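Q: Listed here are the chains, written in short residue letters.
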Amino acid sequence: MIKKIKASTSEKFIFVFLILLGITTLSAYFVVKNKCLFVKNFDPKITDFKKPNNIAILNAPCGNVIIELYPKVSPNAVKRFITLIRSNAYENIAFHRVIENKLIQAGDLEFGKKGNLDYGKIGTGKSGLGTIKSEINNNFNYTKGSVGLARTFKNDTEDSQFFIILQDEPLFDGEYTPVGKVLYGLEVLKKIKHERRSEYILRPDFINSFKMLN
Amino acid sequence: MNLIRAILLLIFFITPLKANTIYNLIKIPNLEIYEINTKNKLKYFYAVRPFRLGTQKNIVCSNSNKKDLEIKYKIIRENLDKYSYKYLKKINLKYIVMCENLSISELYTAGIPDNIMKTLILDIKFNEDYFERVIHHEVFHIIHLQHKEIFDEEEWIKFNNSKFNYAECSTCTKKISLKKYKETKGFFTEYSRSTASEDMAEVYSHMIFLKKKEIDKIRKSDPILSNKISYIENKIKEIDNSFTF
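Respectively, the protein sequence lines represent chains A and B.
Number 214 marks the last residue of the first sequence (the working numbering); no jumps.
Number 245 marks the last residue of the second sequence (the working numbering); no jumps.
Same shape as in the complex, but just chain B (with noise of 0.2 Å):
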């Protein structure tokens, strides 16, 4: 035992130093400050090279080249400067991590949510025509986590037709497109239909990202899809009663 405890403690003082702020913070190494003099006082990470995380090493992440990252951070930039400090805060999102082909289990994925370490992990090169939209849909994946106990799924699963189901997880269908419906039918997005807190965020990342006259005539010719607005605008008022879609 005390051998055992001898070996542990020789590893533990051979480890090499890792002395970097970031990586003490948010425990993702490789990453060096984009922005962090924001109005929302939110602070932009790049990769400059691959990391991998998880107790697993099962998220993997690459650098990008400077020129993607100028385009990609105007962008996200843009659009999470529509959230306040204030509101930030209270879903406790601090930290972007920007890098590229992102993927979790070998499975790529445009988002990481991570609640407890205030960071938000960015594939840049994720999917061109629905980058802007997935921010929001990610940002909404801190918010649920950080407030599980507002949003409840089973009485979202209600305001769907009885006989409609979600599959057992976002990653066991191949129902993933983002496109958005013509005619929505309760959903916006095929990728709505995997899970209910998949369907909660593609709602939500519409809220933000279409105008509200788009909104109020899907409010008006959709009642699954009104009712499902509804609720998400009330669960966030809950959380912020000062936010606006």
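So that you can see chain A by itself, here it is in the shape it has in the complex (with noise of 0.2 Å):
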């Protein structure tokens, strides 16, 4: 006859805390793997924006990112930069140069599609619209969030890349061609994946959607 033995306050203190353990790991586990778990997602349409037809919404993995677009600043770059949205040309295109709290880089079309990647060559892709002036505008002050037009090294050399920066970077200033500022979504451009030895990532996140709001 197989004796019952009764457990000691001890083993059951100790069972309730492995079974605690064990859950804690469980949904630590999930919360960690879900980077836009604690993201908040700005929904456009319960917004009122002064200016609507200039916002742009830039859906990226961890939610919307709504950028008000400069016209007046610089007329030309945000006229191609509404060219390509209204375009649907930033679809699925790669976030491929990212610097952690410092810098995005997207909109290489030709290089940068999802699907069709050529991490040989991103970066140095066109839109096959031709370059745009650069439109230097040194009362344009680089402040967090701040959206620019990216070139190569030399001026005049603008097409459909873009950067978003995450800090103030004053020495932009008059170095590159302003289109707009991120009013809400930069903790959405925060969780945007990044490499700690690289600029340039294997395996990026892509732009969901770009749209205008009008």
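Simulated from the structure, these hints should not be mistaken for laboratory data.
Given the structure is predicted, the values throughout are model-derived calculations rather than measurements.
Any given hint could be a false lead.
[Said to hold, decoys possible] The list that follows gives simulated cross-link-like pairs (lysine-lysine, PhoX-like), each with its CA atoms no further than 25 Å apart:
#: 1; chain 1: B; residue 1: Lys148; chain 2: B; residue 2: Lys125
#: 2; chain 1: B; residue 1: Lys27; chain 2: A; residue 2: Lys121
#: 3; chain 1: B; residue 1: Lys213; chain 2: B; residue 2: Lys237
#: 4; chain 1: A; residue 1: Lys126; chain 2: B; residue 2: Lys213
#: 5; chain 1: A; residue 1: Lys102; chain 2: B; residue 2: Lys213
#: 6; chain 1: B; residue 1: Lys213; chain 2: A; residue 2: Lys133
#: 7; chain 1: A; residue 1: Lys154; chain 2: B; residue 2: Lys39
Bring the two chains, given one by one in their own frames, into a single complex with the hints.
A: As structure tokens, this is what we get:
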């Protein structure tokens, strides 16, 4: 006959502790894995904008980034940017260059398209619309959230690539063509995939959609 | 082929991240901001550690101590403040890098101009006697590089005595003294005799550095230099009509 052994209080305590530990570990695993868990997603439809015609909404893996464009500051650059947004050219384009808490860059329509990434050439692609003239504005301050058009070392080589800065960059003032500023969603941008050892990202995140509000 | 590509990609992705805005802008490592809030929008950087540049890493410069930097920055700033933002934009100069013992292929030099990167590297330990004037000499090289079509060396050579020949290059001669001749005879300094480009830079720097009275005196006494001065004056006016020496 098997004798029934009653668990002591301390054994019960250890058992409960182990179960709790297991639950905590499991939930922590899922929480850590979901990088977007605590990121607020902004709904542009419930927000009133002063200039709704200048509002663009970039949808990244962790939510919406709401950008106000400045056509008065850089008319040609903003015109190009809007043309590409309205033609859905930026959809499924990689955030190919990301420096943690500093800068994200995207918009290589030639070599940065999902399913057709070319790691050897990414960052050098063109839109097919040709380059445009730089619109350098010394009065524009590149503060956190500023959006500018990327270019080569030479001026007047802006095309479709753009960058958003995640910290103030006074050295960019008068250097790059500004197109706008992020109103909401900087936290979304901070969650875009980055590498510690390289600015260029292996298996990068992509732009889900990029649309004008109106 | 695929293996080579894979190795290249691997190297590319394991290269340490240089998340440095200055490096991204002008491709010179180990720099920090000295001053960026200037009236003419020139941005001053200094070396915090020695750096090497160029495809063959043949450009070398070292960091300086704080005190030297402080002294030389004041001098450099005072001289470069003479140039307006408008002028600097036209000549494509925006960044000044201060370091010491600047050399290119082991030859010491006062400055290295790079109009593409809008950068002028200056050796703050360069010959004290001519340091200020040399700043303008190097500025001229930026101007010359940016506006090659304006400065015709063939035309310039014709100002000289027909028997005179420049050296093959600026470092192909031992005539490198920067001391101003008492009797100019077509050249401001011995170094002016090295190449047409250096001669132009010497004329330009003296035009900036000397008082108008002295320049007028040289114009009257030295017909060759008078032509050269007028040439530089006219060409600079082509670039920026509002610029005055």
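Q: Which numbered hints turn out to be false for this structure?
A: 1, 4, 5, 6
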